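Enquirer: Take a look at the letters that make up each chain.
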Amino acid sequence: MIALARRRPGTVFWMVLGVGVPLVFLAIFFVWPVLAIVGRGLFGEGPLLEVLARPRTLRLVGLTLAQAAIASVVCVLVGLPIAHVLYRLRFRGRGLLRALVVVPFVLPTVVVGVAFRTLLREGGPLGFLGLDGTFPAILLALVFFNISVVVRTVGGTWEGLDSRQEEAARVLGAGPARVFLTITVPRLSGSIIAAASIVFLFCSTAFGVVLVLGGTRFGTIETEIWLLTTQFLDLRAASVLSITQLIVVFGMLLLAARARGRSTAQRRVGALRSSRPPRVSDALPIAVAVVTALLLALPIVSLVARSLQTRDGWGFGNYLALSGTGSRNALVVPVWTALGNSLAVAAQATVLAVVIGLCASLVLSRTPRSARGRRALEWFDGALMLPLGVSAVTVGFGFLITLNQPPLDLRSSPVLVPIAQALVALPLVVRTVLPVLRGIDPRLREAAAVLGSAPWRVMRDVDLAIVARPVLAASGLAFAVALGEFGATSFLSRPDRPTLPVVIFRLIGLPGGDNFGMAIAAAVVLAAVTVLVIALVERLRVGTIGAF
Amino acid sequence: MPAQGGNLLQPVPLYERARTVQKKYAVIAALAVITLAGCSSPAPEAGSDPSKLVLVTHDSFALSDGTLAEFTKQTGIEVEIQAAGDAGELVNKLVLTKDSPLGDVVFGIDNTFASRAVNEGVLADYVSGDLTSAEDGYLLPADQGGEQLTPIDNGDVCVNVDHEWFTENGIAEPVTLEDLAEPRYKDLLVVPAATSSSPGLAFLLATIAAFDDDGWKDYWAALVDNGVKIDAGWSDAYYVDFSGPSSEGDRPIVVSYASSPPFEVQEDGTVPTGALLDTCFRQTEYAGVINGTKYPEAAGKLVDFLFSTTVQNDIPESMYVFPVNAAATLPEGWAEIAKIAEDPYVISPAEIDANRETWLSEWAAIATP
Numbered sequence: 001m002i003a004l005a006r007r008r009p010g011t012v013f014w015m016v017l018g019v020g021v022p023l024v025f026l027a028i029f030f031v032w033p034v035l036a037i038v039g040r041g042l043f044g045e046g047p048l049l050e051v052l053a054r055p056r057t058l059r060l061v062g063l064t065l066a067q068a069a070i071a072s073v074v075c076v077l078v079g080l081p082i083a084h085v086l087y088r089l090r091f092r093g094r095g096l097l098r099a100l101v102v103v104p105f106v107l108p109t110v111v112v113g114v115a116f117r118t119l120l121r122e123g124g125p126l127g128f129l130g131l132d133g134t135f136p137a138i139l140l141a142l143v144f145f146n147i148s149v150v151v152r153t154v155g156g157t158w159e160g161l162d163s164r165q166e167e168a169a170r171v172l173g174a175g176p177a178r179v180f181l182t183i184t185v186p187r188l189s190g191s192i193i194a195a196a197s198i199v200f201l202f203c204s205t206a207f208g209v210v211l212v213l214g215g216t217r218f219g220t221i222e223t224e225i226w227l228l229t230t231q232f233l234d235l236r237a238a239s240v241l242s243i244t245q246l247i248v249v250f251g252m253l254l255l256a257a258r259a260r261g262r263s264t265a266q267r268r269v270g271a272l273r274s275s276r277p278p279r280v281s282d283a284l285p286i287a288v289a290v291v292t293a294l295l296l297a298l299p300i301v302s303l304v305a306r307s308l309q310t311r312d313g314w315g316f317g318n319y320l321a322l323s324g325t326g327s328r329n330a331l332v333v334p335v336w337t338a339l340g341n342s343l344a345v346a347a348q349a350t351v352l353a354v355v356i357g358l359c360a361s362l363v364l365s366r367t368p369r370s371a372r373g374r375r376a377l378e379w380f381d382g383a384l385m386l387p388l389g390v391s392a393v394t395v396g397f398g399f400l401i402t403l404n405q406p407p408l409d410l411r412s413s414p415v416l417v418p419i420a421q422a423l424v425a426l427p428l429v430v431r432t433v434l435p436v437l438r439g440i441d442p443r444l445r446e447a448a449a450v451l452g453s454a455p456w457r458v459m460r461d462v463d464l465a466i467v468a469r470p471v472l473a474a475s476g477l478a479f480a481v482a483l484g485e486f487g488a489t490s491f492l493s494r495p496d497r498p499t500l501p502v503v504i505f506r507l508i509g510l511p512g513g514d515n516f517g518m519a520i521a522a523a524v525v526l527a528a529v530t531v532l533v534i535a536l537v538e539r540l541r542v543g544t545i546g547a548f
Numbered sequence: 001m002p003a004q005g006g007n008l009l010q011p012v013p014l015y016e017r018a019r020t021v022q023k024k025y026a027v028i029a030a031l032a033v034i035t036l037a038g039c040s041s042p043a044p045e046a047g048s049d050p051s052k053l054v055l056v057t058h059d060s061f062a063l064s065d066g067t068l069a070e071f072t073k074q075t076g077i078e079v080e081i082q083a084a085g086d087a088g089e090l091v092n093k094l095v096l097t098k099d100s101p102l103g104d105v106v107f108g109i110d111n112t113f114a115s116r117a118v119n120e121g122v123l124a125d126y127v128s129g130d131l132t133s134a135e136d137g138y139l140l141p142a143d144q145g146g147e148q149l150t151p152i153d154n155g156d157v158c159v160n161v162d163h164e165w166f167t168e169n170g171i172a173e174p175v176t177l178e179d180l181a182e183p184r185y186k187d188l189l190v191v192p193a194a195t196s197s198s199p200g201l202a203f204l205l206a207t208i209a210a211f212d213d214d215g216w217k218d219y220w221a222a223l224v225d226n227g228v229k230i231d232a233g234w235s236d237a238y239y240v241d242f243s244g245p246s247s248e249g250d251r252p253i254v255v256s257y258a259s260s261p262p263f264e265v266q267e268d269g270t271v272p273t274g275a276l277l278d279t280c281f282r283q284t285e286y287a288g289v290i291n292g293t294k295y296p297e298a299a300g301k302l303v304d305f306l307f308s309t310t311v312q313n314d315i316p317e318s319m320y321v322f323p324v325n326a327a328a329t330l331p332e333g334w335a336e337i338a339k340i341a342e343d344p345y346v347i348s349p350a351e352i353d354a355n356r357e358t359w360l361s362e363w364a365a366i367a368t369p
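As given, the protein sequences belong to chains A and B, one line each in that order. Heads up, the first sequence stops at 548 in the working numbering, and the numbers go up one at a time, no gaps. Heads up, the second sequence stops at 369 in the working numbering, and the numbers go up one at a time, no gaps.
Please note: incorrect hints may appear among the correct ones.
[Unchecked claim] From the derived model, a few chain B residues whose C-beta atoms are all more than 12 Å from chain A:
1) G137
2) F166
3) L277
4) T310
[To be verified] Facing chain A, a subset of chain B residues (Cβ under 8 Å, in silico):
5) Q82
6) E89
7) S100
8) A124
9) S196
10) W234
11) Y239
12) V240
13) S308
14) T309
15) Q312
16) N313
17) I366
[What the hints assert, rightly or not] Computed beta-carbon distance windows for the label pairs:
18) G66(B) to R217(A): 25 to 35 Å
19) P407(A) to Q266(B): 51 to 61 Å
20) L42(A) to Q266(B): 53 to 63 Å
21) I247(A) to D213(B): 38 to 48 Å
22) G121(B) to F43(A): 15 to 25 Å
23) G121(B) to I247(A): 27 to 37 Å
24) D218(B) to L52(A): 49 to 59 Å
25) T75(B) to R217(A): 12 to 22 Å
26) A335(B) to V73(A): 24 to 34 Å
27) D214(B) to G62(A): 42 to 52 Å
28) P47(A) to D213(B): 21 to 31 Å
29) G66(B) to E538(A): 42 to 52 Å
Since the hints were made in silico from the structure, they are not lab data. The model shown is predicted, which means the values in this text are computed figures rather than measured ones. Just so it is clear, CB atoms sit at the ideal spot from N, CA and C, and this is done for glycine as well.
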C-alpha cells in the first residue's frame, strides 16, 4: 500500500514543483550571476593563485573562520536558555519579549556599529573594558546581531516538543541538568545545528559591523572581496576569494549536514500544552536569560537615549524631523515614505521566501529510498543555504552583468530588491520549518494515505497543519531579515524608492547634528516597527493542532 | 483504494488532469517564463529624441525638488536617477557593464578615478561647450579625460579642528600637516582609513603630495607614533571619536570636508569647528556621456544642464560641495564660513590610477599593522 502511495503521479508532481520552483529561482537569481562574475575574474589575465599566497589573505581566512565559529558557539550557549524561557515557560509579557529579542537582528549594522563604538571607545561608558577595536568587540557585536536566530529557530521547535518524556525522567529521579542534557538537547539537536549553521554563515559574511568595530586591523574574506571588487577592480583576486569563501561555506554545511543526520521523529503537541508556569528549577535559565537581555538592551537603550538628544536638549525633535528630508535636503524622500517602501518590499520578500522555502522544505523532509535520491536531496539542501554564505558584493556585481538582456533586463527594475531579500531569508525559512517536518512521524502520513487521502490531502492535513506555527515564526523572521537587509538592498534599490536602512545609511554619512540624530531616531523606528509586526504575527492564533 | 485524484465527491484539481510527467514539466516551465517575462520592462525604441534618459550617479547625488524637472521642461526628456555606490564603485560598475551600459550619462566620477574610466573606454567623447576659460583649472589633462569629462563640482577634504576644545585646553591649534606629528598633538587626531573611505583616501593623497616619494611613509609612521586613531569610515571618525558639538568623542582633530564646519554653526552664530586650509586635497567631480548610449545628442544636453547655473546654484545646499561654474552664486553665509583652500594638494589622475593599489597597501602596512 505504502509503496503504491509513493509512486503516485501526484507525488511526482509535487516533488517536481517543490524542487523545481526553488531551483529555478536560485539558478536565475543566484547561481548564474555568481558564476558569471567569478568566471569573468578567472578567465582574465595575470597570476591566478597569487592572492592566496598573500599573508594578509591567509590571516583574513583564519579570522573569518575564528570569529564565525566562536560567535556561533556563544550564540547557542546563550540562546538556548532564552529559548527555554520564551518558548517553554508561560508568563505575562512573553509575546512582547519574543518580539523584542528580534530587534538586534534588524538594526542596521552601521548604526549598531556606531552605538557599540560609542559605548566602548576610550572615555565612553564601557571604555574601561579596553575593547574598542579589538577582536572581542567584533564577537560581541556578532552575538548581539545573531542571537535571535538561535532563540527563534530553536524556540519554534522546542515549543512543539511533547514535554512528557522530560517529565517522566524527572519522576524517575533525574535532575534538571541531566534531563536537559540527555533528553532535551538530543531532541533539539536538529534545530540547534540548523541555527548554529545559519549564525556561522551570517558571521562569516559579516561586513559592516566588522569594518566599523574591527577598525582597520581586522577583516573577513567578505570585506576583502568588497575592497578588491569595488575599489581595486581586481576581479581576478576577488573571484579566487569568492571561491575560497564558497569552499569554506560548503565544507561547513557538509559538516552540519553530517552532524545533523536524521533527527528522530518527535512527538509534537500544541504550543498551549507544552508551556508551563516557571518553577524553581528554571532559575538558572531564567538568570542567564535576564543577564543576556540586559546586555542586549544596553546598546539599544543607548540608541534610544541618543535619539532623544537634540541640539536644544532632550526631546522628540529627531522624531518630528523624520517627516522631512533632513538637514539641507539630505534625503530624496521623507523617512516615513522610506518606511512605507521598506514594509512593502519586505512583505513581498517574505511571501516569496515562505512560498519557496515551504516548497523546498516539503521535498527535503521526504526520505527517498534510493541512495542517489538521498544524496540529491542533500545537495539540494546545501544549495538552498549557499546564498547566506556568498558575498553580497559578488552576487550584486553578478546581477549587473547577467540580468541585462530582455526578457531578464532587471538591473534597474524594482523587483530585484524583494528577490535579493528573499534569497537571504530563504535559508532561514527552510532551517526553521524543515526540522519540524523531519520530526513528523512518517507513520502519520502513511496512515493518512492508507485511509485514502490523496497526496495533496496528506500534505495539507498532516504536514501543513503541523508546520503552520513554525511557518508563522519563520515568516516573522524572514520579514525581520528583509526589513533590516542592507548590503544587497543598497546595491539594488532605486534612489527614488529607498528603504529605511538605506536612508539611515545616507543620514549617518552626512555632517550636521540633525542628520545624525535623525539616523538614530530612524533606526529606533525601524526596531519598533519590527517588534510590532512580529508581535502581531505571534498573536495570530493558529488553530491548535492537538496531540498526535 | 480510491482513484488518485481524491474521491469522487471532491473536484479533481486542475493539475491532476495533466497526466504525464512531461506535461507537468512543460506547465512549470511555462509558468516560470510567464512570471519572468512579466517582470521585464519593454526595451526602449532607438531614435534621437528619447522620452527618458538614465543618469548614473554615486550615492551622494542629490538636488532640490524640481531641479531636474527644469530639464524636462526645457527638452521634454525625463531623467531617471540610478545610484551606483561610491565614486570607485560607480566607475567599476561602468567598466563591468561596458557591453550593455547602465545608462546614458554619468555624474560623480572624481579625479581619483577618472583615469580608470577613460582608459577602460566607458566614456564617449563629449565635453560641454558652455565651459569658459574661468573653469580651465578644473579640466583634466588631454589624455586623462580632457575630452570626455565635464567638471561639475569640487570639494576639499581637510583636517577639521574643534575650536572650543583647543580654547578650553589652552593649546594652540595645528596649522599644517607637519604639526599633526608633533608631540603636543599626541592622541588628538582621528582619521578614516584610506582603504575603506574616500575622504580617507583623499587625506592619504594629500600627504603623498605634500611629502615626496618616501617622505609620506615616514610621515605616517610618525603619525602612528603620535597616536593617530584610524577608523573604518567617515561617520565613525566624525561622530564617534571627534569632539565636535554634534559628535560624541574626545579627539579634537578629524579628517573631514572643508564644507563640514558650516553644518556645526550654532543658532547664536558661533562657529565651533573649522577646517585647516593648508591640509586639503581637492576632489573634483565630473559628468560625461556613457559610451554606447542610444541618444548621444540628448545625453550631451543633460551634461550641459548639469553645468548650467540651474543645477550649479543648487549644488552647495544639496551636495555640500562647491559648484565649478564661475557664474554660479553661493548661498548666503557660505562665503564666510565655507572656505576654499587657496593652494590644495594635487596629484594627476594618471599618477593616482597607476599607483593607487601600491600606495594603499604600503599605507596599510604602516598604519594598520
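Enquirer: None of the hints should be skipped; say for each whether it holds.
Expert: Going down the list of hints, with the structure as the test:
no.	hint	in the structure
1	G137	26 Å, holds
2	F166	18 Å, holds
3	L277	17 Å, holds
4	T310	16 Å, holds
5	Q82	6 Å, holds
6	E89	4 Å, holds
7	S100	4 Å, holds
8	A124	19 Å, violated
9	S196	6 Å, holds
10	W234	7 Å, holds
11	Y239	5 Å, holds
12	V240	5 Å, holds
13	S308	19 Å, violated
14	T309	18 Å, violated
15	Q312	16 Å, violated
16	N313	14 Å, violated
17	I366	11 Å, violated
18	G66(B) to R217(A): 25 to 35 Å	47 Å, violated
19	P407(A) to Q266(B): 51 to 61 Å	57 Å, holds
20	L42(A) to Q266(B): 53 to 63 Å	56 Å, holds
21	I247(A) to D213(B): 38 to 48 Å	40 Å, holds
22	G121(B) to F43(A): 15 to 25 Å	20 Å, holds
23	G121(B) to I247(A): 27 to 37 Å	35 Å, holds
24	D218(B) to L52(A): 49 to 59 Å	32 Å, violated
25	T75(B) to R217(A): 12 to 22 Å	52 Å, violated
26	A335(B) to V73(A): 24 to 34 Å	59 Å, violated
27	D214(B) to G62(A): 42 to 52 Å	32 Å, violated
28	P47(A) to D213(B): 21 to 31 Å	26 Å, holds
29	G66(B) to E538(A): 42 to 52 Å	45 Å, holds
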